[in-house]
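Chain by chain, the residues run as shown.
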Amino acid sequence: MNFDFSEEQHQLRDQARRFLTEHSTSKRIRQVLDGVAPYDRAMWQEIAAMGWLGAAVPEEYGGAGLGHIGLCVLAEELGRSLAPVPFSSSVYLATEALLIAGSEAQKEELLPQLVAGDLIGTLAWAEGNGNPNPQRIKARVSGGRLSGVKWPVPDGGVADFVLVLARDDSDRVVLALARMGAAGVHPETLETVDPTREQAKLSFENVPVEVLPGDGWAALNQVLDRAAVLTAFEQVGLAQMCLDTAVAFAMERHAFGRPIGSFQAIKHKLADVYVATELARSNAYYGAWAMTANGGELPLAAASARVSATDAAWLAAKENIQTHGGIGFTWEMDCHLYYRRAKLLGLTLGSNPWWKDRVVAALESRNAA
Amino acid sequence: MDFEDTAEEAAFRTEVKTFLAANAEPKKRGAPPSRSRNVGPEELARAKKFQAAKAGAGLVGLTWLKAWGGREAPPIFQVIYNQEEEAYAIPRGVFEIGLGMCIPTMMAYATQDQLKRHVGPALRGEEVWCQLFSEPSGGSDVAAVRTRAERDGDTWTINGQKIWTSGAQFSDFGIMVTRSDPTVPKHMGLTFFFLDMKSPGIEIRPIKQASGASHFNEVFFTDVKIPDSQRLGAVGQGWRVSLTTLMNERLAIGDTPRPDVEDLLDLCRQIDLDGEPAMQNVAVREKIADMQVRSQGLKYTRFRTMTALSRGQTPGPESSIGKLVNAAKLQDIASFGMDLLGSAGVVMDKKLAPMNALFQEALLGAPASRIAGGTDEILRNIIAERVLGLPGDIRVDKEIPFNRLPTGKR
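If you read the protein sequences in the order shown, they are chains A and B.
Residues 1 to 369 (the working numbering) make up the first sequence, in order.
Residues 1 to 410 (the working numbering) make up the second sequence, in order.
Just so you know, not all the hints are guaranteed correct.
Computed footprint of chain A on chain B, listed as stretches where at least three residues anywhere in the stretch have a Cβ under 8 Å from a Cβ of chain A [said to hold, decoys possible]:
1. 1-9
2. 152-162
3. 298-308
4. 378-386
5. 392-405
Dumping the calculated BS3-like pairs for lysine-lysine here, alpha-carbon to alpha-carbon at most 27 Å [unchecked claim]:
6. 323(B) to 318(A)
7. 27(B) to 48(B)
8. 269(A) to 299(B)
9. 323(B) to 269(A)
10. 299(B) to 323(B)
11. 350(B) to 27(B)
Because the hints were derived from the structure by calculation, they are not lab data.
Each residue gets a CB set at the ideal place from its N, CA and C atoms; glycine is no exception.
Make the full structure from the sequences, and use the hints.
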């Protein structure tokens, strides 16, 4: 039995933890929160220089070839540190989508630039309210031109290109690659619950696009499964950080003549957060294993990792504020940054009721097999 | 990351599989969990026969010293054995307390001669042991022992009552903690013994549980004599000995109580909800997903624990969550399964209730799993204090002599 990270992966974690503790500080996160910049450009460049953006990209496209497990390690640290960079959009969505569905020419052109951080990519499936559903896709590609409105698009306002889920002339769902500099693209940054991660509304009017080969809906499902596992690691990192913060506060803060952490109302609450976080961590490990070793189990593993991590991050973030009491609800405490991010991460790939249905669908198809 | 055994582990697993295939019957699908059955005379004889074969094959006391019939194997071997045994209908629960808690305590405190007398027969299943800790007046507060031990020369006289003793009715020996000095604070006045369960003055009565079954006993002591040579540890040091026993609790690995999510799926495939297949109902699907995520999260937490053991490390604190999660999940699944049957959910008649009334029986038994072996509340305290490092409860009984502590009416 070897169901844990390797020595090298633990070293990668230590390196990431050191870098992000030093750089992803409250002050720098708040620069983005306050709208001074849409993301932390300096941090992005350093992350690119360390090779993190290409951790799971094969070496032939300029990546480090560490595999997806290395990326999981980084994701946990990025989640823990609330890093205000478009990592998830560019790496989990755009890079993974190109690896899964891009033509050879598209991979050769775009992947090295994504790895270097010179290009930021994203993926646009949503058209307003609702979870991923082919019936809801109205954006259309006709004669190599895309028209439609997509929102919310993560990092849509900072991306250089976007992979858009649209219908072609024969009504098939496809992925279309649109460059943000092209004429007819109108990005608009949206006000959201978590301004440290940009979200945009993108309007396309007759924008020239390249259509990726293959079935766009099938590709989206594969991308979502991988992104669900990677995001689960971010959520686990966030949940653990909230738990650590709440425990530290409960030891320090005194009320009624004793540390509040000596009251069972607080102890049992934090024990429940611990349990949820460990269940989520174990489900995320299963997702990491499935992503690298067994694609057949990925739909079940990814959906379970997603559901478990969304529950844990939400519980940890809200109970962290509750443990802090009034001070936890002030702007200057960071509690609300985790609370905002927890909810964002739980929605951005589709919400939990939808992912729960995917858990059961995967169980059904496993039993049918 | 993988789930593979090392070469040594794989060889051991093959050995276990070969032994089990030759000596035990595979579990039938839909059979009730072996733990929930009462152990009658036939069952006991079967358990003893199997234990003798298991000991003969060198599969008992895997981590013990070779001098005591063990193998000096790492703890992962015990986990591998338990995993393989899960697939077989083996009478469980007869020897676990003796071999998992009593004999390891003896090994730490008994004399060489006593060990020579007792370890072999326990290992081979010839003698059964029980553990006498809980009392009516002290549940979670394990040290609140009232059973008195009074010394006269080389003999101790025991008076009092123990409760929730599994297997007392067929045990040959027991270990027990007693109050030898009520005039000092709670933890300081305890003394620990092992004793012959056939001693005069011991009366054993089964407890009829809320579920109707009887898995436990009350044990009454009236002027029971124990020689001082059977004292384990110093006079007044019984709490320290008790901690040795509690630390030797079997690695909580492998047991998933039923019904679990697979059973819930089986049920949902069989039934309609007001004309609609249950599997198509949104609320049902959401519940199945919730249970799947918890069950699977525990499964892979066990794999993480095994990984630590396999690498020769001490398992991390994550191994402490299993019982807390499983107990609540069991009660939740049992109740939800019955809800799906509408008013017929109340019916326990096995000819009518789906799956041999598995859900109904589990519902009635489920409160026990949230209490026995550490209540939900004590487990949360343990996680908060030992894992998260939060302060211990404020103790009002720490400095006060035991016989001056306030007592309630229950």
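Against the structure, the hints come out as follows:
With 6 residues having a beta carbon nearer than 8 Å to a beta carbon of chain A, the stretch 1-9 of chain B meets the requirement of three or more and the stated coverage holds. A stretch counts as covered by a chain when three or more of its residues have a beta carbon under 8 Å from one of that chain; for the stretch 152-162 of chain B and chain A the count is 0, and the coverage is violated. Here's how the stretch 298-308 of chain B fares: 9 of its residues keep a CB closer than 8 Å to some CB of chain A, so the rule of at least three is met and the hint holds. Only residues whose beta carbon comes within less than 8 Å of a beta carbon in chain A count, and the stretch 378-386 of chain B has 6; three or more means the coverage holds.
Counting residues of the stretch 392-405 of chain B whose CB lies closer than 8 Å to any CB of chain A gives 3, which reaches the minimum of 3, so the coverage claim holds. Restraint check: the Cα-Cα separation between residue 323(B) and residue 318(A) comes to about 25 Å, which is no more than 27 Å; the hinted pair holds. Only pairs whose Cα atoms come within 27 Å are accepted, and residue 27(B) paired with residue 48(B) is accepted, the gap being roughly 19 Å. The suggested pairing of residue 269(A) with residue 299(B) holds, with an alpha-carbon distance near 23 Å, which does not exceed 27 Å.
Under the criterion of a C-alpha separation no larger than 27 Å, the hint pairing residue 323(B) with residue 269(A) is consistent with the structure, at around 17 Å. Between residue 299(B) and residue 323(B) the CA atoms are separated by roughly 12 Å; this keeps the pair inside 27 Å, and the hint holds. At roughly 20 Å between alpha-carbon atoms, residue 350(B) and residue 27(B) fall within 27 Å of each other, so this suggested pair holds.
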